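Residue numbers (the UniProt record's numbering), protein chains in the order written: chain A, 1 to 266; chain B, 1 to 309.
Any given hint could be a false lead.
Unchecked claim - Residues on chain A that point at chain B, a partial pick, calculated with CB under 8 Å:
1. 44
2. 85
3. 106
4. 110
5. 113
6. 114
7. 200
8. 232
9. 243
10. 247
11. 251
12. 254
The set of hints was computed from the structure by calculation and includes no laboratory data.
Since the structure is predicted, the reported quantities are computational estimates derived from the model, not experimental observations.
Each residue gets a CB set at the ideal place from its N, CA and C atoms; glycine is no exception.
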Amino acid sequence: MALVRWFKRHLVVIAGLLTLGYLLLPNIVVTVFSFNNPKGRFNYEWQEFSTEAWTDPCGVADMCGSLSLSLRIAAWATVGATVLGTMIAFALVRYRFRARGAVNSLIFLPMAMPEVVMAASLLTLFLNLGAQLGFWTILIAHIMFCLSFVVTAVKARVMSMDPRLEQAAQDLYAGPVQTFLRVTLPIAAPGIAAGALLAFALSFDDFIITNFNAGSTVTFPMFVWGSAQRGTPVQINVIGTAMFIVAVLFVLAGMVIGNRRNRQKA
Amino acid sequence: MTTLTDAPPAAPESAPKERPPRRRGRLTPYWLLLPGLLWLVVFFALPMVYQASTSVQTGSLEEGYQVTWHFATYWDALTDYWPQFLRSIAYAGTATILCLLLGYPLAYLIAFRAGRWRNLILILVIAPFFTSFLIRTLAWKTILADGGPVVGALNSLHVLDVTSWLGVTAGDRVLATPLAVVCGLTYNFLPFMILPLYTSLERIDGRLHEASGDLYARPFTTFRRVTFPLSMPGVVSGTLLTFIPASGDYVNADLLGSTDTRMVGNVIQTQFLRILDYPTAAALSFILMAGILAIVTLYIRKSGTEDLV
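Given the sequences, and given the hints that come with them, work out the whole structure.
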């Protein structure tokens, strides 16, 4: 009876943790299989422990090249989407202008559209214009679909900003440029950073839109997709695991810094 | 969709990002909006127009395509590929419901029961994003492998007998069946359900729970009458964020499924990139878009949440 009661009390916790397990299971498999030494071309069955892939992560032809291409595209897409998106977010929150509803839906629609639709229609545009598919078409596409997400992230932050802070700065004889650089931008920075981070992650991991608009250019997700047909090298798992660890460390470091700042303020 | 008709004519360069938000500058908002919106108009809205035009063209790759208002392409696409359309809606719908059922307890746990573990669990929900989703989807091939521990356990519990009878698995295989595809879709889009749910749950004032308890509501009644209704905005945006990408996905159906689990995304992809039948592909993509927009509009009307952005 006590057991039943305990179970009832903690039902939500148990169900939640099971879901968390479901979410993390593939990452555990990816990590474990980065130490595999598979027989044959595919790394789906456990054979024996080996650190070979970790000591030679770039040992597969073309993989690290595709990785660096993906990082480059993600970096530029982040810059482009963050600049354009931040400008839109400021305009939306701070100003009155006509056709606001139309602007809002133009920003909302890319997020409410299956990727394959955007990918296919963008390809028809490029084909009609006779554009050479490759680095630039991928970059254009990535900025396009990351833009809306940056707007949403920055908008949330700017909306919660107290406009009186800027008025105060201007009352204290700060010029418009100074007010923006010394007051507005620092306050909006967390929102902009969140938007930029999101854009980077979205661009780096994008497959569907890239698949349509890359031509014969191979980004890292495209490489993984191709290897699912040809044979999956263990090094893919090494990269996947390393990215996971780096990301978690990044977030933890950010949290520690954030906590320290909050404590200093208090 | 095309806007900016009432924006002043302006040279596209010299976008004044550094210019401070002056309340009196009447043109400033248009300057700020111009470059980004232009990007969206040219690379999002205009392609839709090109796609619509492509879908009513006829011709061949060698001789070129001409707009002939050949609407029969739509009819042919629907009659040829209605099973894939139905399958997409069924798989995406099932995955969305599973995401809600699986994601709600976790979001609830993070919002109300996690205490000092809250941030850690949140990180663990987001962290998988940083391993390429294709790599993680491939990991399901290992997890659901024939004769592996998961399949073995399901087999000995006779779960597979039931699912085979329902027609979502085949014999003692899980891979290359609808179950595997739905499992992959659910997994891939689960964080998109959890995060909005968490956001709206976290906003709920804890005192409402106490008040409900003080008024002799049992925990489940409190959930049904207080917590769940207040979390509706999260439920709505979560289901949309799951259903929309899932319905157009072709990665899971390709990697975890078979030719019998092809979704409409798979058809669009092969038509566009391998068969190079652009009109049919464009028509399919247009039908998918129209269907999604109709569903989303209806759904938002019905649930009464207008401000999702």
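#### Entry: Hint check: 8 Å Cβ-Cβ cutoff, residue 85 of chain A to chain B
6 Å, holds
### Query
Given residue 106 of chain A was flagged as interface, is its beta-carbon under 8 Å from a beta-carbon of chain B?
5 Å, holds
### Query
Close enough to count: is the Cβ of residue 200 of chain A nearer than 8 Å to one in chain B?
10 Å, violated
### Message
Just to be careful: measuring from the Cβ of residue 232 of chain A to every Cβ in chain B, is the smallest value less than 8 Å?
### Response
This interface hint holds because 6 Å falls under the 8 Å limit.
### Query
Under the criterion of a CB-CB separation shorter than 8 Å, is residue 243 of chain A in contact with chain B as hinted?
OK, holds: residue 243 of chain A within 8 Å of chain B, min 5 Å.
### Restraint check, 8 Å cut-off on beta carbons, for residue 44 of chain A near chain B
At 5 Å from the nearest chain B Cβ, residue 44 of chain A passes the 8 Å test, so the hint holds.
### Query
Does the nearest C-beta of chain B fall within a distance shorter than 8 Å of the C-beta of residue 251 of chain A?
5 Å, holds
### Message
Next item in the hint list is residue 114 of chain A. Is there a CB on chain B closer than 8 Å to its CB?
### Response
2 Å, holds
### Message
Does residue 254 of chain A hold up as a contact with chain B if the rule is Cβ-Cβ below 8 Å?
### Response
Because about 10 Å separates residue 254 of chain A from the closest Cβ in chain B, which is outside the 8 Å limit, the hint is violated.
### Restraint satisfaction for residue 247 of chain A [CB to CB of chain B, less than 8 Å]
Where the cut-off is 8 Å and the nearest Cβ of chain B is about 3 Å from residue 247 of chain A, the hint holds.
### Message
The hint names residue 113 of chain A as touching chain B; please verify it with the least Cβ-Cβ distance against 8 Å.
### Response
7 Å, holds
### Task
Verify the interface restraint on residue 110 of chain A: the C-beta must sit less than 8 Å from at least one C-beta of chain B.
5 Å, holds
In the structure shown, a violation is registered for the earlier hints numbered 7, 12, in ascending order.
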